[in-house]
Amino acid sequence: MAVIKLTSKNFDIITSGDRTVLLDFYADWCGPCRMVSPIVDEISEEHPEYVVAKVNVDEEPELSAEFDVASIPTLVVIKNGKITAQSAGARPKAQILALLEG
Amino acid sequence: MEHIYDTVILGGGPAGYSAALYCARGGLDTLIIEKISPGGQMALTGDIDNYPGFDEGVDGFTLGMKMQKGAERFGAATEYAEVTSVSLSEGIKKVETSQGTFFAKTVIIATGAKPRRLGLDHEDELTGRGVHYCAHCDGRFYKDKTVAVVGGGNSAVQDSLYLSRLAKKVYVIHRRDTLRGERIHHEPLMRAENVEFIWNSTVSLLDFEKRLTAVTVKNKISNEERKIELDGLFVSIGREPESALFADELSLDENGYIIADETTKTSLEGVFAAGDVRTKRLRQVVTAAADGAVSAHLAEEYIQGLTSDLSLPQITPAI
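Protein chains in written order, with this note's numbering: chain A, 45 to 146; chain B, 988 to 1306.
Some hints could be false.
[Unchecked claim] Straight-line alpha carbon distances no greater than 27 angstroms define the calculated DSS-like cross-link-like pairs of lysine-lysine that follow:
#, chain 1, residue 1, chain 2, residue 2
1, B, Lys1132, B, Lys1092
2, B, Lys1155, B, Lys1132
3, B, Lys1092, B, Lys1155
4, B, Lys1081, B, Lys1092
5, B, Lys1156, B, Lys1205
6, A, Lys123, A, Lys49
7, B, Lys1214, B, Lys1155
8, A, Lys53, B, Lys1155
9, B, Lys1197, B, Lys1092
10, A, Lys123, B, Lys1101
11, A, Lys126, B, Lys1214
12, A, Lys49, B, Lys1130
For the record, the hints were derived by calculation from the structure and aren't laboratory data.
As the structure is a prediction and not an experimental result, all values here were calculated from the model.
Throw the hints in and build the complete structure from the sequences for me.
Take a look at the structure:
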């Protein structure tokens, strides 16, 4: 499934439905974000059971503030509307999958 | 029968991919095991101005991708996996990872280094919530806020200067009474009006609610403690090698670096250490890349059974 570009306008996508959500807060200029980005893309392709969305922190400062993001990349896992994991910094794929499964 | 590679390279930074390029180009069956993405520490920095051949600088992430492509052009393969344990003492080396077990005749360790942590209680859980290790990445979340930088070396000075242009106030907390590193960066920092130096001091406590709210700073001479309210703390106290997996089998120095000289040979036959993870004087992209080439050459010699005991081997370029 394609990665969703999340903005304050389409935010409902992640709150509706009961699928587990993975959010990737990133910026184009950030090296570790560029390291994680292809991994997030892969997870989106390989795991259609998850909703995967990316948030550009430069374009969406309100969303970043709402999730108290002060470090990028930050990965957030949401299950049934609740944040179950929030992790700052680049992570290997296995660890990101563990966040989603945990 | 399990496949046995000529060389397994641990780490896809400049040392790893330079080693991979030389190994693969020399005809060795080569695998790179990388945890996240090519580039290593280099990909976490901004522009690199001191790697030759890029007259206008190059961003570290792009350089990492280029190094990967350069090695893959000659047949080196990359496996994205996290190494969980190694067994290097036997003739055939074993590397266990999150994606399975790999075997090789030689192993080149190019795992690099990571930012040193303060070692304080709650530091892990506050990482990304007020405690940071990359001013370049996270600095702009602190526009018009109050931050502190811990450290007094080149990186700390550059981080402080960068943050002084964004933040309302920057404390620089340093355990000595003068800055170290290149003087060229000192003066603009000394001149910045929103920078306050706290000399001879270390951070002793992290205060927090949901995120960091303040730090306690202890003066090493007077033993006085002072609480400083702040929004963000940027830790820049140097780096530590990624060598924990090898501590049982290889000789490390007191700081954890794998003991190896310019030949990159470690205390075990057929095991080489290239780049920031080994003992060396200058840790730069260019010296890491050089190590990669040397390690590949010696790995090839070892495989051919031609390893000489000369401490300075004759290195002929593989043209």
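Evaluated hints:
{"no.": "1", "hint": "Lys1132(B) with Lys1092(B)", "result": "violated, 54 angstroms"}
{"no.": "2", "hint": "Lys1155(B) with Lys1132(B)", "result": "holds, 5 angstroms"}
{"no.": "3", "hint": "Lys1092(B) with Lys1155(B)", "result": "violated, 56 angstroms"}
{"no.": "4", "hint": "Lys1081(B) with Lys1092(B)", "result": "holds, 9 angstroms"}
{"no.": "5", "hint": "Lys1156(B) with Lys1205(B)", "result": "holds, 20 angstroms"}
{"no.": "6", "hint": "Lys123(A) with Lys49(A)", "result": "holds, 19 angstroms"}
{"no.": "7", "hint": "Lys1214(B) with Lys1155(B)", "result": "holds, 18 angstroms"}
{"no.": "8", "hint": "Lys53(A) with Lys1155(B)", "result": "violated, 32 angstroms"}
{"no.": "9", "hint": "Lys1197(B) with Lys1092(B)", "result": "violated, 50 angstroms"}
{"no.": "10", "hint": "Lys123(A) with Lys1101(B)", "result": "violated, 32 angstroms"}
{"no.": "11", "hint": "Lys126(A) with Lys1214(B)", "result": "violated, 35 angstroms"}
{"no.": "12", "hint": "Lys49(A) with Lys1130(B)", "result": "holds, 25 angstroms"}
Hint compliance for this structure: hints 1, 3, 8, 9, 10, 11 are not met, and every other hint is.
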